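Chemist: One letter stands for each residue in the lines below.
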Amino acid sequence: MMPDLGKYAFAVLASYGVSLALIIALVAVSLRRARRVRAELEEIEQRVKRHA
Amino acid sequence: MSIWEYANPVKFIRTTDRILPWVSVAAVLCLVTGLVWGYFFTPDDYRQGATVKIIYLHVPSALMAINAWIMMLVASLIWIIRRHHVSALAARAAAPVGATFTIIALATGALWGQPMWGTWWAWDPRLTSFLILFLFYLGYMALWSAIENDDTAADLTSILCLVGSVFALLSRYAVLFWNQGLHQGASLSMDKEENVADVFWYPLLVCIAGFVLLFVALVFLRTQTEIRARRSRALLAREGRT
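In order, the protein sequences belong to chains P and G. Residue numbering for the first sequence follows the numbering used here, starting at 0 and increasing by one per position. Residue numbering for the second sequence follows the numbering used here, starting at 167 and increasing by one per position.
Excised from the complex, chain P in its bound form:
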């Protein structure tokens, strides 16, 4: 099942490691900021409504 990467193991594994880490980090940062900004906007809108 596990492919024998031979002398190219570092190149292949490092490529997959770096790429997947970057993709996961990008998705995580995007989701976290989306949640934070949405919560901030809701809070501001409620405050504006109360004052109005």
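Simulated from the structure, these hints should not be mistaken for lab results. Among the hints, erroneous ones may be present.
Unchecked claim - Pairs of lysine to any residue, SDA-like flavour, derived with a Cα cap of 20 Å:
1) P/Lys6 with G/Ala276
2) G/Lys177 with P/Glu41
3) P/Lys48 with G/Ala276
4) P/Lys6 with G/Gly215
5) P/Lys48 with G/Gly215
Claimed, not checked - Here are some of the chain G residues that sit facing chain P, going by a computed Cβ distance under 7 Å:
6) Ile220
7) Thr274
8) Arg394
9) Arg397
Claimed, not checked - What the simulated footprint calls covered on chain P by chain G, stretch by stretch (three residues with Cβ under 8 Å from a Cβ of chain G suffice, anywhere in the stretch; the number is not a length):
10) 13 to 19
11) 35 to 43
Since the structure is predicted, the reported quantities are computational estimates derived from the model, not experimental observations. In this text, a Cβ means the ideal position worked out from N, Cα and C, and glycines have one as well.
Using the hints, position chain G against chain P.
Modeler: What follows is chain G alone, placed relative to chain P:
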């Protein structure tokens, strides 16, 4: 119904909210299927050995690094011509995604190049234009962050995007008109003789679909975030005035 209806931020958020879960699931399915297929179930190349497995990350990320900039160019042109805020914010939202794909393409290219060419880096036309494209991504994001007024930032970054498009196109076509580079010609071609063998081509197609869907999902999500952040800034500014 016209496409310009989606220039309305509320309509954009409502529509993308409905599509986003489906696109996200499809992206994960394609990426997992393509990468598992490519990594575990394809043979080594007769010349490049196991390094051929890097193709499933390098080619889709390089393709999307360029296409992300082209998408930003279209969105910037829409902003310049029609002044739709959603298009400027979509361009802003796409930049970090494109920049990440560019880093992946550069990193996997270096890791692939070392055992195949005997060097991590060469000042080859395609590699150099790709590095310049990455610097344009950094400059584009820095410019958005540096200017407080959203409209002015959108104007200036749109101009930067137009200039950077030269390097996005150069990255794609450099191998066609400069022959002295190390980088080989296109791996994907409609010509069966030039295209990679079918055993690598099918999982590669699935990976490309996965990267495209991931890009769409992230741009939808990040554009929604930019729209909300802009509304927050506007409300805060109004609050400050009263």
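Chemist: Now tell me if each hint is right for this structure.
Modeler: Going down the list of hints, with the structure as the test:
{"no.": "1", "hint": "P/Lys6 with G/Ala276", "in the structure": "16 Å, holds"}
{"no.": "2", "hint": "G/Lys177 with P/Glu41", "in the structure": "18 Å, holds"}
{"no.": "3", "hint": "P/Lys48 with G/Ala276", "in the structure": "54 Å, violated"}
{"no.": "4", "hint": "P/Lys6 with G/Gly215", "in the structure": "9 Å, holds"}
{"no.": "5", "hint": "P/Lys48 with G/Gly215", "in the structure": "64 Å, violated"}
{"no.": "6", "hint": "Ile220", "in the structure": "5 Å, holds"}
{"no.": "7", "hint": "Thr274", "in the structure": "4 Å, holds"}
{"no.": "8", "hint": "Arg394", "in the structure": "5 Å, holds"}
{"no.": "9", "hint": "Arg397", "in the structure": "6 Å, holds"}
{"no.": "10", "hint": "13 to 19", "in the structure": "holds (count 5)"}
{"no.": "11", "hint": "35 to 43", "in the structure": "holds (count 5)"}
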